[in-house]
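*Asks:* Residue-level listing of the chains:
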Amino acid sequence: MTHSADRASAAGHGLAHQDILSVNQFNTDMLGAIFALTDEMRSTVRASGGCDLLRHHVLTCLFYEPSTRTSASFIAAMERLGGSVIPITQGVQYSSVAKGESLPDTIRTVEQYSDAIVLRHPEVGSARVAAEAASKPVINAGDGAGEHPTQALLDLYTIHNELGTLDGLHIAMVGDLRFGRTVHSLTRLLLQYDVKLTFVSPEILRLPLDLMNAVRDAGLPVRETYSVADVIGDVDVLYVTRVQKERFTDLAQYDEAKGFYNITPDLMRDAKSRMVVMHPLPRVGEISDAVDTDPRAAYFRQMENGMFIRMALLAAVLGKA
Amino acid sequence: MTHSADRASAAGHGLAHQDILSVNQFNTDMLGAIFALTDEMRSTVRASGGCDLLRHHVLTCLFYEPSTRTSASFIAAMERLGGSVIPITQGVQYSSVAKGESLPDTIRTVEQYSDAIVLRHPEVGSARVAAEAASKPVINAGDGAGEHPTQALLDLYTIHNELGTLDGLHIAMVGDLRFGRTVHSLTRLLLQYDVKLTFVSPEILRLPLDLMNAVRDAGLPVRETYSVADVIGDVDVLYVTRVQKERFTDLAQYDEAKGFYNITPDLMRDAKSRMVVMHPLPRVGEISDAVDTDPRAAYFRQMENGMFIRMALLAAVLGKA
Amino acid sequence: MTHSADRASAAGHGLAHQDILSVNQFNTDMLGAIFALTDEMRSTVRASGGCDLLRHHVLTCLFYEPSTRTSASFIAAMERLGGSVIPITQGVQYSSVAKGESLPDTIRTVEQYSDAIVLRHPEVGSARVAAEAASKPVINAGDGAGEHPTQALLDLYTIHNELGTLDGLHIAMVGDLRFGRTVHSLTRLLLQYDVKLTFVSPEILRLPLDLMNAVRDAGLPVRETYSVADVIGDVDVLYVTRVQKERFTDLAQYDEAKGFYNITPDLMRDAKSRMVVMHPLPRVGEISDAVDTDPRAAYFRQMENGMFIRMALLAAVLGKA
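Protein chains in written order, with this note's numbering: chain A, 15 to 335; chain B, 15 to 335; chain C, 15 to 335.
In case anyone wonders, no lab produced these hints; they're calculated from the structure.
Bear in mind that the values here come from a model prediction, so they are computed numbers and not experimental data.
Any given hint might turn out to be false.
As the list makes no split between identical chains, a pair holds if one copy fits it or if it spans any two.
Claimed, not checked - Cut-off 20 Å, straight-line C-alpha distance, at most; resulting in silico cross-link-like pairs (EDC-like, lysine to aspartate or glutamate):
#1 Lys272 with Glu115
#2 Lys259 with Glu115
#3 Lys286 with Glu176
#4 Lys259 with Glu270
#5 Lys272 with Asp244
#6 Lys272 with Glu300
#7 Lys272 with Glu238
#8 Lys210 with Asp224
Build out the structure end to end from the sequences listed, making use of the hints.
*Replies:* Structure follows, in structure tokens:
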């Protein structure tokens, strides 16, 4: 829609009629307002399943690559607000697009039918291209190796919701810190808070230099280590991500690495009684199923928070909150 | 969700907050209550198209294999009750699942967004696995060669609705009785009623031994025959299914068999004036199109009953009926 | 549903409980009534996003081939009227249909769940076959090289809405006039008005003889030319379509042709100040992006009109307008 989001008022969420393209557009005041709104959404769903705030509103979910979790979450969010969805979650490649239509033309077409657009696209920067073409709000639901801001917001909200605060926390990120888009975005958001960060990864999957420098520039205490066992006793948040076999050229290295990053009930015995384990899911073995019943296992609640935060964001950009 | 469905109260449908996994969980009291509720749904749709009973409720339709008929029927049912649907009817194989996510993890994710889950899956037993993982009701919409209970319920309801009763009826099952999941499930439900059963099939597609023994153990009169002509004059219900060419190694046998199972206006002249012809559809030649205008042809009404019974079941498991 | 649409009352739209299969079923009285209704739909959406006219109504969108634009437009139309959609927009080929089900059987099944059916099918005449099978209204959303009447109606409505009238206008059709289904349908509708027509195309893509004769029989002034530059100064409407490379055997011919049909800001300087440029979209170079900001560029408004006209048509065939 516009690029003025960064200039949005620090009072309130400042999102009415704005795009959501990047985590960089949020300051702590806005985040606080969004979290308060998300809390309201949670209460509404708990009390009555939903409401009619976005009645007669239509959202286009335009997904150029499949993402069951993200699209389901946005669809649920819109429906629980009483709105409707045009799901274009497959086949775009076979239709207009196959005929060579440009992304701006597709965007300018679907915005004729809808009040906002959620876009998932494999190319970095596509969300910004879409937003420039659109006169309706565009929400970036992942643009390749670029950003996925609603994921970062739901992660941040989950920490806030589970532990009541962000300031003063010791947060460890675990796994593939080099390529993990969720880790990068969440880290950027955390730079605005008074937190201590520990990055736990195999050598070849360490956090990129520029991001590590940003952490240091923010003046936050930071450490790196190879093993979860090193930090499990001290952390408030253990944010776990997948370590993909494909990243390793030496499989012996992979097998060794795997052992360091498997969260088990045994490992959890060393953790604080009040802390949370998070994961953007899907997991493939990083967290043992036996941990699921541990009250500190927050990853499924994290999924539900994804719906709540998207409800808040939809209501906000549509000027209804 | 839980396994206590079998222990559900015999008074009322007993389905509130329960899963629907198998025909074995229903006794005649529950079936009577479900049919009464289905009658109400029919009246509501006839009078006004739908209602707001499930307003602000969200249903996930999670289909790991396509089934246009079943998914369309569940979507229509939810929408006519004023609720919304998250349709995950394709692409699951390309997304989280492709990344190796387990069925329980997928279920525990989508239940964060929705109030109930309809699951179609190619593997026997998958619905039970899903129900064990879920804290929300799971409805089995077909698990491979396993069960498809809502199909059996709509079949049973159709007989009840068309003929006003089940007791005292002579019901013939026709076609592929060996592999036909709908025949097996409907037969199991019928064991609880005072019916006479005739099984009409080619030799190589006869009803499995265990099911035939269950019929005999229930003390019901039962016969087997090769030809519809043998029974057409006496039956109240002719339940026809497809005979698939692929089942035959000897094509001459197939061609011979085909002739025995083709329902034509000519054959219908020998049938009672008050009886019904049913078919789970799709058909491919078993019933002549010329029979469609015969008032005894109930197979399209049977489809509509599928929507009504699913409305009743959704309302029931969501505790709204 | 029926074939009596042609006999529909000339007073009012005459569409209640009728099918929409062909542009031939509309006379100018009906078109006027439809346009008035479409204006109302526009006002409703502008004022409040939508209404509850079709609350508790269910529409099946049965698409045997993908068409993002058309299906999105129908889904939005139904949702803005407060109704719901069963989207069968992919996978039909893998499911019942793959099992050999006939189109009439599929139609008679899905109509059990819904109040109207929108059908897109690759075969000419399929919409009529569907309508004969159905007892609910069928709307043809494109049947191969056959018709796509709602596209023609939205085109006609756009001219009317942009210029306030149809009579007295000079309308030029540009591009592939030989195979372009939208050009053929719109031309047939225009025969009922007092317009002047110019057809602009390469030699091998000229308007078919029968249609040219129909224009002459209607007594309308008509011209043909190879170049847009010849007419740009005089037209009220420039209706541009794609010229597909595949149509040419001689690529030199294609390259030459391309230059004649590229709408640029430079070319637009010669156009009247009050005229409109239309395109059914997607475009692939026929209209320069630089034209988009020209107030005479109506092609995106044309898309929005697609939603408004489909709202009007859905309300009309469902007897609610």
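*Asks:* Hint by hint, note whether the structure agrees.
*Replies:* Here's how the hints hold up against the structure:
Proximity of Lys272 to Glu115 under the C-alpha cut-off of 20 Å is restricted to the inter-copy arrangement: shortest distance 17 Å between copies versus 44 Å within a copy. Only between protomers do Lys259 and Glu115 lie at most 20 Å apart by alpha-carbon distance; the minimum there is 15 Å, versus 37 Å within a single protomer. Taking identical chains as interchangeable, the C-alpha atoms of Lys286 and Glu176 lie at most 20 Å apart only when both belong to the same chain, with a minimum of 14 Å there against 64 Å between chains. In the homo-oligomer, the alpha carbons of Lys259 and Glu270 lie at most 20 Å apart inside one protomer (11 Å), although the nearest pairing across protomers, at 53 Å, exceeds that limit.
Within a single copy, Lys272 and Asp244 get their C-alpha atoms as close as 15 Å, which meets the 20 Å cut-off; across copies the closest is 67 Å, which misses it. For the identical chains of this complex, Lys272 and Glu300 are intra-copy neighbours only, at 8 Å inside a copy versus 55 Å across copies, given an alpha-carbon limit of 20 Å. Proximity of Lys272 to Glu238 under the C-alpha cut-off of 20 Å is restricted to the intra-copy arrangement: shortest distance 17 Å within a copy versus 60 Å between copies. Proximity of Lys210 to Asp224 under the C-alpha cut-off of 20 Å is restricted to the intra-copy arrangement: shortest distance 18 Å within a copy versus 65 Å between copies.
Hint compliance for this structure: every hint is met.
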